[in-house]
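Engineer: Just need the whole structure built from these sequences, with the hints factored in.
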Amino acid sequence: MTVVEQTGAPKTTTPGRPRRRPSPLGSKWTPYLFLAPAALFILVFQAVPLVQEVYLSFTRTRLLNPTRSEWVGLDNFNRIFGDPEFHRTLLITVVYVITCVVVAIGAGLAVALLLNKKFRGRGVARALVTVPWAAPGIAVALIATWMLNAQYGIVNRFLDAVGLGVPGGAILDSSRYALPAVLATTIWQLFPFTSVVLLSALQSVPQDLNEAATVDGAGRWATFRAVTWQVIKPTVGLLALLMTIWSLRRFELIWLMTKGGPVGATETLVIDLYSQAFDSKELGSAAAIGMVGVVISLIVIIGSRLVARAVEKGEVR
Amino acid sequence: MRRFRFGVTARIVAVLVVLGVAVFPLYWMFVTALSSNSDLFADQPRLTPDLGQFGVFVDALAEGKAAGWLLNSLIIAVGTMVLSVGLGIPLGYALSRFSFWGKAVLTVVLLFTQMLPEALMVVPLFALFRRFELLDSLTGLVLVNSAFVLPIVALILKGAIDGIPKELEEAARADGARPFTTLTRINVPLIAPSIAATAVIAFFHAWNEYVFAVTFIFNPDLQPASVGIANFIGELGTPIQTVMAVAFLFTLPAVAFYLLVQKYVVSGMTAGAVKG
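For the record, the sequence lines run as chains A and C. Position 223 of the first sequence, counted from 1, bears residue number 223 in the working numbering, the numbering being contiguous throughout. Position 259 of the second sequence, counted from 1, bears residue number 259 in the working numbering, the numbering being contiguous throughout.
Calculated directly from the structure, the hints in this document are not laboratory data. The beta-carbon is built from N, C-alpha and C at its ideal position, and this holds for glycine as well. Among the hints, a few may not be true.
Derived DEER-like restraints, expressed as beta-carbon distance ranges [said to hold, decoys possible]: (1) A:176 - C:37: 30 to 38 Å; (2) C:259 - A:220: 30 to 38 Å; (3) A:307 - C:37: 52 to 60 Å; (4) A:48 - C:193: 28 to 36 Å.
Derived lysine-lysine pairs resembling DSSO-like cross-links, with alpha carbons at most 27 Å apart [stated by the list, open to error]: (5) C:103 - A:28; (6) C:166 - A:28; (7) C:263 - A:118; (8) C:263 - A:233.
Structural biologist: Structure representation (C-alpha cells):
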C-alpha cells in the first residue's frame, strides 16, 4: 500500500491496444448517465454557492438583510487590504500554515524513520500512533482546552512542577502563548498522517542501496540524503501541498480553542471570514476574505504543479 | 556491542515517548471522565482512571441529551455514507472507464472543491437551505455533507476501479451485460475494500462535521453530538466528568473504525490528492 503504487495505478491502461471509438461500453451518453446524479449534486451544493460567494465579495451585503446586495466593485478588497488588522491576519495565517507544514512533516518523518526499524510490537505501535489523526476535531479541541485549563489543566500542573509555568497559567488567554498552543494541538493531530504516509513511502527505499552506501563508508546523514531522501522526496512534496491546503482551511479546532483570540492572536483567514460573517454580519467583506484564501490556495496548487514539473524535467533538484 | 545496546534502548525510549504523546490526550479524557471531584481538584491530580466512577458513562447517556445527540449524529452519518458512496461509485466508474467531453473539467472541479473551507460556503448554503426549507433538518445536513465528501469518495473509487483489469468487463460485455450490470456485478465486488474505506471516511466526515451543523440547526433536539460537545467548551454548568464521558463516547467509534481501515483511508486520501 505505498503511495507510489497508488499514483502509478491510473496509468495501467492496456498498452499497445488501439483505443476503440465509439466506446464499446455503450452509447456516448452512457458516461453521463453514470455521473449525472453526482455532478448535479456537486453543482448545487458546491459550484453554485461558490459563484454566489464570488458575487458577494463584490457587494455590500448584511447578514440581517441578505437579499439586498449593493454592488460596490472592489471596495471590500480595497478595505481589507488597507486594514492593518488584516495584514496581521495574513501574517498569522502564513506563520500558522508554514509551521504546520514544516513541523508536521519533520515530526512525521522522524516518527516514520523510528517505526521503520524492525522491533517487537511494531504493528501495535504503528496503530497507536495514528490515534490523534482519527480523533474528531471537536473532541481534540475539547480535551486540549481542558488540558490547558489555567487552574486544573494537566499541562499547567506539569509546567509548574518543572518550573516553566506560565504566570497565571492561562495559556489560551495569552497573546504570546495562544498561537503556539493552537499550533501544538494542530500538529499533534497531523503528525500521525504524515508519518503513516512517509512510512509507506519508506517501504520503497531499496535496502541494498542503503547497505551499499554504508559499506562504502558513507555516514548516516549522507546515506539518508543520497538514498532515502531521493525516494521520499515526491511524497514529502505531496504532503507539503496537502498540509498547506488543509491548514489554510482549518476552522473548528482554532475556533473552538480561541475563537481567533486573544485580541486576534490566533486569527487566521478562515476565522476572520467567519467572524466577519457572523459577528460583524458583513457578508461582503467575509466573502472577500474568503476569496483571498481561495486565491492563495490556487497559487499554492498551481505553483506546486510547476515545481513538480520542473523537478521531473530535471531543471530543479 | 555496547554502543549497539545503547542504540536499541534509546529507540525503545523514543518509541514509548512518541506513543505517549499520541495517546495521552485521549487517555486523559478517559481519566478525567472517571475522576471523583476530590481527585479532579486536588493539588496532586490522579493519573489513573478511578474505575469505581464508571457509572458516569451510564449517567451521561441516561440523564442529559447526550444519547439524543449521538443518535442524531448516527442518522446524519449513515445518511451521508449511503448517499455519498451511492453517488460516488457511478461517478468513479465514469471517470475510470470512459472518456467523455468535460472529463478534465470534472476532475479539476473534484480536486478544487477539496480546498474550499466549509466556513466560506456556509453563507450561500444558508440562503439555499432557507429557500428549500432544509434548515433545522437532518436531511439538509445529509445532503450538504454528502456533497462535501463526495469528491474524495469518487476519486478513491476511481483509483480502485483503475486497478481492475478491463478484460473482466469485456468478458462480461461479450456475454451481453449492460454497463450498469457490469458495474454492479463485476466492479463493485472487486473494489469492496475501497468501498468500505470510503464508507468509513464518509461516515466520520459527517460524524465529525461541525460548521454546517451549528449554523443550520436551531432546534436543540436535532443537534448532533459535535455541536453538543462543542457547546460544552467554556461552559461551566455541566460537570467536567460528564463532558469528558460524552466526548469519549463520541471519539471512541471514530478511532476504532479508523484503526480498522486505516491502510485504505491513508492511501486513498493521498491518491485522491495526487493529481492536484
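Engineer: Which of the listed hints are not met by the structure?
Structural biologist: Every hint satisfied by this model.
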